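Peer 1: Sequence:
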Amino acid sequence: MRRRSVHALLSVAAAAAAIAALYLRPAAGARGASVLLVTIDTLRADRVGLYGARDVRTPNLDALGSRGVAFEEALSSVPLTLPSHSTILSGLEPPHHGVRDNGTYMFPSDRPTLATILKAHGYATGAFVGAYVLDRRFGLARGFDVYDDRIERRSEGASVLESERRGEAVVESATAWIAAQPGPFLAWVHLYDPHAPYDPPSPYREEFAGRPYDGEVAYADFCLGRRLAAAEARAGKKLLAAVLSDHGEGLDEHGEKTHGFFIYQSTLRVPLVIAGPGISRGARRPGPARTADVLPTILAHLGVAAPGGLDGSDLLAGAPRRETYAETLYPASLGWSPLRSWRAGSLKLIDAPRPELYDIASDPGETRDLSPQRPQETDRLRRALVAFTKDETMTAAAVPAEVAERLRALGYVGSAPVAGDSLSRLLIHSARAKDPKDVLPLWQSFEEAIWAEARGDRDSALATLRALVGEEPANVAFRRSLAAALRRAGRAREALAALGPIERLAPGDALAWHERATALEEAGRGGDAVQAEEQAIRLAPDLPEPHNHLGVLLAGRGRIDAALAAFDDAIRLDPNNARAWNNRANALRALGRRDEAAEAYRTASRLAPRDPDPLNGLGVLAVEAGDLPAAGSLFSQVLERDPGYSEATLNLAYVEARQGHMPSARQRLRQVLRAPLDPALSRRVRALLQELEGPP
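Here the sequence shown is numbered in this note's numbering, starting from 216 and rising by one per residue.
Don't read these hints as lab results, they were simulated from the structure. Nothing here was measured: the structure is a model prediction, and the numbers come from that model. All C-beta atoms in this analysis are idealised placements derived from N, C-alpha and C, irrespective of residue type, glycine included. You can trust all of the hints, since none of them are fake.
Capping the alpha-carbon separation at 25 Å, the derived lysine-lysine pairs in DSS-like fashion look like this:
1) K453 to K334
2) K649 to K472
3) K605 to K649
4) K334 to K452
5) K652 to K472
Cβ pair distances, simulated, as ranges:
6) D261 to R583: 16 to 22 Å
7) P568 to Q588: 18 to 24 Å
8) Q905 to R753: 45 to 51 Å
9) P894 to E811: 29 to 35 Å
10) A689 to G470: 22 to 28 Å
11) R753 to A682: 29 to 35 Å
12) V361 to D743: 43 to 49 Å
13) P824 to A689: 40 to 46 Å
14) G742 to R670: 32 to 38 Å
Using the sequences provided together with the hints, build the complete structure.
Peer 2: Okay, structure coming up:
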């Protein structure tokens, strides 16, 4: 079998002897060195001082480059976070590891990674990620002793910034883990901050006023410095550090504001620096170097044999490869053509319905398409591309609806789960799909609509999305986005109309059925919502969020046992889903299983420390147990986190009344009545206030 781990071929009897043979000759002093791998998301090489930037501050990465080797032209093979990190950690290009987009694919369980290999050689392994798109469900956690992906999930419509965690939080967690390791370790630290939306913290916000991307880069470099210092304090000179980015950022080059839509150098060229024992200080290597080369380079330097069949090779041995591959299948999630690239020497082909050919040496900005003048070279590169991708694969993963929502908020479409024959269908249809170059205005409008809603300009977002649906009525991604925006605006009936006849337009699209279920519930059609959610689950049983929402629907209809089973399914599929844990706790409390409910509330609170719902639930349990002081303290904590949480205000007023604090209780209830309330809660507040005030 191609690309199997060497370990899979060993007999038990020969294992001990063979392990010794897995070691190659390491660089001087590198055997047993600890490894720090830092990936800084969305970092363009030309925004780093080491690569010529003059108005962005990156002293820590620059200093690391002076202590090691910097690769002048390091290239990502895909401008998307999950597939690019899959390449970095496996040494395989996307056609060979099968992860082709964010949220839609899962790294295969039979492919070795840097973590599985070094763990087998006695390393402690820890990963600390800052982005929801790298959640453990997508397969990269395998081989790590610790995989810290605690990205707090907020409800729909919350700030898009809550889909990530700041670099300092990631570094703090990694630092504590590294300090506790008694022997060699592999630590992967992922800093997401330069990713859009750009919102650097102070003082970087002020220092880079009007240039928020550069401010995020400077902040990420600051976090890198803290991480390097902590790792060096633990490992000393026995530390091998590799720092790179997964992809770059368009920043309006070729009309692309962010990344993922095109595969020009602006989103493919990244910084790559490696430093450690036995590595030349201050060396510069010409390119191209590939992100697929990172794993074999690290392993070779440690003296550990790499698995066979890798696409990458050791960057520190011999001349660099002259051929590179790149792709983006992201446009296909909108029904447009995917893009692939093959580069040989300085010539780069972008294979599209209208192919492009560039000479990177003379035209690094890719502004002059040479394909009309050089058809033979265009055809030669296309043949090489076809040969490289002849055995490509896809490894589909269910797309949780919550993931789709978070990806949408971050600027990704979030496509539906991929069927088994999707690759062949994608390649067949791509020949007649629209060229991304030709639909760039639509993409720009769609991206602006996403950000308009995120910054609170809902009217502009809705107007743009309506125009896009009018332009491409069969584009399910446009329809889903319009429907979701209308639903979040409280216009559920219009959302249902915007989805259109999904039985005809997208009968197998589980996300469309889930969106319909959510809109139906908000339109007051709970029974129809249950049926729509059950259809979503039939189409994609591994999606966690439809199970969670089905549980909410069933609980609302009094079917608590069935609701609990649905919440259990959601948690089984997504153990980090704080919302599902909180819902499970509510169901357990309704069934009288208070100890289990309390534990579920505490789990939800650990997963989402800022979420007030679990504390409110624990407060209700305290009231039921007769512990009014504890209940009052919990409800007060809820209101500190969310002063507008009306139900917690009602609960605290009830506790105060039980404790004899009538004036305070009445004042709280009158305050609640001044806010918009749903009818059921309003009736409860008025009933308690009337009871406390007595008969007129």
